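Asks: Sequence:
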Amino acid sequence: MGLPWLDQPVMLHSSRADSCKLTTEQCAYRSGHWRYWYQSDHVYALNTIYFLCATVGVFMIVRILAKYSPVSVRRTAVWRKATATGRYLAYKSFRLPCIFNFPSLGVPLLIIVGAIFFFAMTLGPKPYYWPNTETVSYGGSPPIATRAGWMALGLLPFVLALGAKANLISALTGVTHEKLQVFHHWTSYAMFVLALVHTFPFIIVHIQKGDMMKQWRTEITYWTGVAALIPQAYLTIMSLPAVRNRFYEFFKATHLLAAFLFILFFFFHCDFRLSSWDYFIATVAIYLLSLLISFTKTHLIHGRHRATFELLPCGFLRITVPTVTVVWRPAQHVFIRFLSPRLGLHSLTAHPFTITTTSASKQTPNGNLCPSLTFYIQPRAGITGRLAQLARRHPGFSMPVLLEGPYGGISHDNDLARFNHVILVTGGSGGGFSLGILEELIPRQNPQNHTAIIIFATRSPAVAEWYQGELNRILLQRFSSPESVIDVHIDIYITSPSPSASPSPNPPKEIPQPSNPNTTLPINLHPSHRPDLPHLLSTTVPTTQGPSNEAQRIGIFTCGPASMVHDVRNAAAEAQFRYEEGVEEVYLHTEMFS
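In the numbering used here, the protein residues as written are 3 to 596.
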């Protein structure tokens with residue numbers, strides 16, 4: 003049939019018919035619930051599916067309760083305490099230096115829950131190996147290898163779902179795809195460990211029997227298993243944070259091929275045993291659905307656009323894409339595919355960039371009254387470095403692009419207008435992240451008791467100057483309306499030592515005052531100074547009611563390097579339990595350079 007690596011005839015499921023030739027007592031032992039090979043897919047693979055679906059279900063229920071519970075319930079002390087506890091777990095940052103940076107304390111807690119499940123299912127049932135003798139054989143597959151293999155297979159659809167940009171898990175839980183990536187990584191790690199636990203017992207058994215080389219030469223399942231394990235090991239090692247960050251461009255270019263080879267040989271290795279192919283069907287369906295949604299958004303909804311590139315004096319690359327088809331919210335990102343032969347293989351891949359304007363923005367380089375997607379990018383190696391070189395040689399050049407998205411950002415459930423105290427903490431090119439939020443925030447605020455605190459840090463004085471210019475453009479333009487009443491406090495830190503810096507540790511410099519007399523826009527420059535974020539945030543987050551006895555709703559938004567996000571997370575987590583009766587909530591949204 004052209005499929006020499008599969009048993010013949012090829013079927014969707016293999017038979018569960020069993021003829022035990024052992025004694026009655028031995029057959030009863032062999033067919034025990036945790037040992038019976040012919041039902042092992044139901045006992046281990048399906049239970050893995052149930053466990054992961056239940057985990058998703060818990061967060062789906064929490065989201066529904068948070069969104070649709072009556073206001074009277076949300077104002078109770080029990081509800082507020084439960085919300086504060088949940089947000090503390092979601093915000094509190096946890097790091098293992100040089101190994102893993104967990105985005106929140108809740109992530110390792112969930113990983114521990116998963117580890118307990120898989121360790122219990124793998125090591126709990128006995129025996130690990132069949133008590134086979136020369137005259138008695140319970141089976142050729144060691145029980146520990148059988149259950150580890152089925153659980154690894156049960157993880158496969160979720161590994162694909164958690165790694166997809168458009169996926170059902172995000173739709174059900176409201177957790178955006180980029181924040182699910184950490185679970186994509188850890189389910190992949192679990193799958194690899196289970197694959198090793200599946201592999202080595204077979205090697206041990208056949209080495210003890212003395213027929214390992216015979217099995218390797220005669221059993222296709224052995225070399226297809228190794229052929230699947232090699233790309234899986236590559237994916238696992240290359241996705242470790244330290245390795246992935248160092249070789250990001252290479253990993254991005256090769257991981258799809260490695261994943262394809264892994265799934266292909268894994269498919270041949272399973273050879274339609276029991277219901278194994280059902281999991282591949284589910285995996286392909288999930289992936290094809292994601293591709294269909296991405297294709298629809300990119301080609302049928304958005305279509306081709308034209309991007310203009312400009313290299314700014316501060317070193318940032320500004321990309322502007324006029325559009326009438328894309329509608330976005332603050333802090334969202336899109337994946338851009340640059341269609342130019344000058345970029346070589348980079349034109350075949352899509353890259354994510356955070357939008358720094360709002361859908362209401364009307365500025366474009368050619369003066370058209372059209373909303374523009376604007377991105378401020380710090381050029382590095384790979385695609386951004388190549389684009390910066392082209393912008394340096396050909397100022398203002400343009401090229402066709404495809405847009406996929408937008409994704410992520412501040413959820414629909416957290417309208418910026420509901421926050422009366424907003425804190426923006428950004429660093430470097432992450433400053434662009436705050437500009438869209440600021441543009442969206444100011445015209446939507448109610449004219450009473452609203453404060454915005456902006457903290458920006460950079461090593462470059464030129465970047466600080468760029469950020470001041472953008473703040474002038476946004477704030478002075480928005481405050482021209484007399485009904486806009488909001489206090490804005492701005493601190494800009496230039497962290498690199500500068501011999502020409504003023505000796506004063508905190509020399510203030512004020513923006514020219516707008517026409518609205520009720521508004522002040524001070525900018526405090528801090529040369530050669532690094533912000534003490536834990537202290538700044540602990541002193542700026544209000545803990546009591548406002549002057550008019552208005553309950554405080556605090557929104558904290560941050561984008562920057564890992565150390566900055568870590569400090570902001572922990573400060574927001576501590577604020578959950580410091581606020582008093584007058585503070586209704588502390589909301590946090592983060593993005594991290596990676």
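If you are wondering where the hints come from, they were derived from the structure by calculation, not from laboratory data.
On a predicted model such as this, the values are computed, not experimentally measured, just so you know.
C-beta atoms are modelled at their ideal positions from N, C-alpha and C, and glycine is treated no differently.
Warning: the hint list may mix true and false statements.
[Unchecked claim] Below, simulated SDA-like cross-link-like pairs (lysine to any residue); rule was C-alpha separation at most 20 angstroms, straight line:
id	residue 1	residue 2
1	Lys128	Gly34
2	Lys23	Gly34
3	Lys211	Ile222
4	Lys94	Met401
5	Lys23	Ser143
[Claimed, not checked] So the derived label-pair ranges between C-beta atoms look like this:
id	residue 1	residue 2	range
6	Ala117	Thr541	55 to 63 angstroms
7	Glu136	Val60	29 to 37 angstroms
8	Trp218	Thr87	33 to 41 angstroms
9	His537	Asn49	19 to 27 angstroms
10	Val60	Pro397	50 to 58 angstroms
Asks: Against each hint, give a clear statement of whether it holds in the structure.
Replies: Comparing the hints with the structure gives:
no. : hint                                   : verdict
1   : Lys128 with Gly34                      : holds (10 angstroms)
2   : Lys23 with Gly34                       : holds (16 angstroms)
3   : Lys211 with Ile222                     : holds (19 angstroms)
4   : Lys94 with Met401                      : violated (42 angstroms)
5   : Lys23 with Ser143                      : holds (17 angstroms)
6   : Ala117 with Thr541: 55 to 63 angstroms : violated (39 angstroms)
7   : Glu136 with Val60: 29 to 37 angstroms  : violated (50 angstroms)
8   : Trp218 with Thr87: 33 to 41 angstroms  : violated (54 angstroms)
9   : His537 with Asn49: 19 to 27 angstroms  : violated (49 angstroms)
10  : Val60 with Pro397: 50 to 58 angstroms  : holds (53 angstroms)
Of the hints listed earlier, those the structure fails to meet are numbers 4, 6, 7, 8, 9, in rising order.
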